[in-house]
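As given, the protein sequences belong to chains A and B, one line each in that order.
Taking the working numbering, the leading residue of the first sequence gets 1, the next gets one more, and so forth.
Taking the working numbering, the leading residue of the second sequence gets 1, the next gets one more, and so forth.
Since the hints were made in silico from the structure, they are not lab data.
Treat the hints with care, since some could be wrong.
[Stated by the list, open to error] What follows is a set of in silico ranges between Cβ atoms, one per label pair, in the way DEER data are often shown:
| # | chain 1 | residue 1 | chain 2 | residue 2 | range |
| --- | --- | --- | --- | --- | --- |
| 1 | A | Thr-5 | B | Met-74 | 37 to 47 Å |
| 2 | A | Glu-94 | B | Val-46 | 34 to 44 Å |
| 3 | A | Glu-94 | B | Ala-116 | 48 to 58 Å |
| 4 | A | His-6 | B | Leu-154 | 34 to 44 Å |
| 5 | A | His-6 | B | Arg-166 | 27 to 37 Å |
Predicted model, so just to flag it, every value in this text is computed and none were measured.
We treat Cβ as the ideally placed atom computed from N, Cα and C, and that holds for glycine.
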Amino acid sequence: MITQTHYLVLSTVLFFIGVVGVMTRRNIIIILLSIELMLNAVNINLIAFSYHLKSEIGQVFALFVICVAAAEAAVGLGIILAFYRNKETVNIDEMNLMRW
Amino acid sequence: MGEQLAFYALSALILGCAVIVITAPSAVYAILFLVLDFLFVAGLYVVLHAQFVAVIQVLVYAGGIVILYLFVVMLVNLKRPPEAQRDRRRRSRLGVALSAVVLVEFAAIALYGYVAPEAGPAGGGLSFSNVERVGWLLYTDYLVPFELASMLLLVAMIGAIVLARREL
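Hey, can you work out the whole structure from these sequences and the hints?
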């Protein structure tokens, strides 16, 4: 029997994998991919609660999360392209133009 | 039985692909495994009776966002990938320590915050095809957030075009 707890554990582990990716990688593109993984973990949570509570509202919120993820990807990749044109790198250790 | 099999198989595939995404040496491999990961997550949505979200996941994530990432990786010429150089300013150790802190936090929440899940409301459960119901909710109760989301997408589109212009 698959309970609500199984889905919560799955989404927690997926979120943690995303956190590890953000914390340890140096490639800004892979960091953005890890953020997408975390957003997916949140979506699994919302859909699992929608199934458990027998209400479609969780699915509506998951759609909004997907919409925000698309906006985030577009703007984030635009920033990466603009930065790459200036400094020829995608290493976040070298992204210190605004450091005081 | 079928639900259990689907859940465990999809979970193993989702987590395996996610681990490959964050450990892959090349960004292209990471993105390709991310596509697989999104497709398996869409399969999990179908198991949870959320077909519309599953289709949107395949269309928007696996079809749109990932292609955007692939284009950027092709545009960005990585002659010296970030992980190749070992400079002293690299702070991976700090990152691993912070990840361990997050893990401890999750474990603490799971240990001290666990309550046995209550049974959901009585009744027949979600109908297997609930696209109509989701559409009703989007255009009645959640109309204002829906319009705000479209504004957000418009702003993001203009922002991406402005940022990617050559003479920034």
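Cross-check of the supplied hints:
A hinted range of 37 to 47 Å holds for the C-beta pair Thr-5/A and Met-74/B, which are about 42 Å apart. For the pair Glu-94/A and Val-46/B, the beta carbons lie near 43 Å from each other, so the given range of 34 to 44 Å is met. In this structure the supplied range 48 to 58 Å holds for Glu-94/A paired with Ala-116/B, their Cβ-Cβ distance being about 50 Å. Between His-6/A and Leu-154/B the CB atoms are about 39 Å apart, so this pair conforms to the stated range of 34 to 44 Å.
About 50 Å separates the C-beta atoms of His-6/A and Arg-166/B, a value inconsistent with the hinted range of 27 to 37 Å.
The structure does not agree with numbered hint 5 stated previously, though it agrees with all others.
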